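So you can see what is in the structure, the chains are spelled out below.
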Amino acid sequence: MKQICDVLIVGAGPAGLCAASIFANTDVQVIVLERDPFLGGQLLKQTHMFFGSKEQYAGTRGFEIGTLLKEPILQAKNIRIFTNTVAAGFYPEDGFLLAIENDQELHRIYFKKILLATGASEKALSFENNDLPGIFGAGAVQTLMNMYGVAPGKEVIMVGSGNIGLIVSYQLMQAGISVKCIVEAAPVIGGYFVHAAKVRRLQIPIYTQTTVRKAFGTESLEGVELISLDAHWQEIAGSERYETCDTLCLAVGLSPLSELLSHFQCETQYVPELGGSVALRNQRMQCTHKDVFIAGDVAGIEEASSAMLEGMIAGVSIAEDLGIATPSHKSIKEESTQFLQAMRSGPIGDKIRSGLRKVEDSHV
Amino acid sequence: MRIEKHPILEFGEKKKVTFFLDGQRVTGYEGEPIAVALFEQGFKNISKSLVYHRPRGIFCCIGNCSSCLMKVNGVPNVRTCTKQLEEGMIVETQKRES
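So the sequences go chain by chain: H and B.
Going by this note's numbering, the first residue of the first sequence is number 1, and it counts up by one from there.
Going by this note's numbering, the first residue of the second sequence is number 1001, and it counts up by one from there.
Quick caveat, the hints were computed from the structure, so don't treat them as lab data.
Model, not experiment: these values are computed from the prediction.
Just so it is clear, CB atoms sit at the ideal spot from N, CA and C, and this is done for glycine as well.
Honestly, I wouldn't trust all of these hints.
[Claimed, not checked] Selected chain B positions facing chain H (in silico; Cβ < 7 Å): (1) MET1001; (2) ILE1003; (3) GLU1040; (4) LYS1044; (5) ARG1054; (6) ILE1058; (7) GLN1084.
Let's have the full structure, built from the sequences with the hints guiding it.
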């Protein structure tokens, strides 16, 4: 079916919902596409409280933030939402985006401006038998236990001590599932001290300079071989040890879901600090194709809080280009930009700032 | 295995439905993903790799990775980690040629 709108938003996670909120109850016709049957993206599986400032929902649990963000969008009459709908591709000659609803119905969507807030996918790790059932991305473990109340297993080994590895380990313990240990290839714990302290309080050992060498099992995972690494990330012979586990949780990072960007021939660049291939953009979150905007993890792997702020900024930028921006939009954008700068300041923001320097281009 | 008690989350009462896995009668909750219902019943290995027929199960659980493709009501290559369960669904593990 043919659909026409002013603004098309792909992805209803924190970034997409915040961008949509800019247009709620205006005359702008908005379509939001969401692959899942529900809105909120990965926020819905976060049981921990966010921190930062009040404006970033500090003290509120992730899944509750998801609910807060989606309510005004659901109520806005000018925003049409397609759930269970995949954005399959952009056809430049004809100028529409093809979307597939419920694996069946095709929609040709015409738009003036598009926001890609497609998020990220989890990285895998290469080792022997890494495809055995029972080896999950950390997000899958969260989906199973926090969204559907299903235990991913009885005995879990976590790979990666970044914030996700630490938080998910804590969430597993909350759900009554034993976490045997966390292994980390780097010499230091990757995540925030506050999260590491929480899991250490629960007596979960964190083995640094350690990785998974091999998985065992016939139909599904039964155990893994761990091995220590030296200062040059090389395996130390003789340090192999076998650990039983029925679940291995890989929390080894995310990479931006940037495929759709290439359909618009937006210029992208591989930036390790941002997790992979990301689009060149200006500070308005506009790509090298002037009608394409990005926000959230697709713009560079960061956090839900920054995704929300980028969503606001991108939303206001689109409103400006459509010529409907109000003074209150302007202040939303200024505030969001300030919060984002504050969030990325200091040593914790070093990596993200260095990544952004490579792709932020005032000439875009 | 269902998580019965959780300090933060409430999973609430859901409607139980019956569906079929390769002809075998199995149960799950309406609206949860097919692969999640199967996993809960102990079916971890729900797919096979194309060339070496290696066991495959849930990996990403958000529809990204294609590790959970199955035939659902005659339609092949359905991502069962996001496809919502309905009463009477016919779910089949895929043969290589499908």
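Cross-check of the supplied hints:
Hint status for MET1001(B): holds, given a least beta-carbon distance of 4 Å to chain H, under 7 Å. Interface hint status for ILE1003(B): upheld, as the beta-carbon distance to the closest one in chain H is roughly 5 Å, under 7 Å. A hinted interface residue such as GLU1040(B) counts as satisfied when its beta carbon comes closer than 7 Å to some beta carbon of chain H; here the least separation is about 5 Å, so the hint holds. Among the interface hints, the one on LYS1044(B) holds; its C-beta lies about 4 Å from the nearest C-beta in chain H, closer than the 7 Å criterion.
Because the smallest distance between the Cβ of ARG1054(B) and any Cβ of chain H comes to about 6 Å, under 7 Å, the interface hint for this residue holds. The beta carbon of ILE1058(B) is positioned within 7 Å of a beta carbon in chain H (closest approach about 6 Å), and the interface hint is therefore held. At about 6 Å, the closest approach between the beta carbon of GLN1084(B) and any beta carbon in chain H falls short of 7 Å, and the interface hint on this residue holds.
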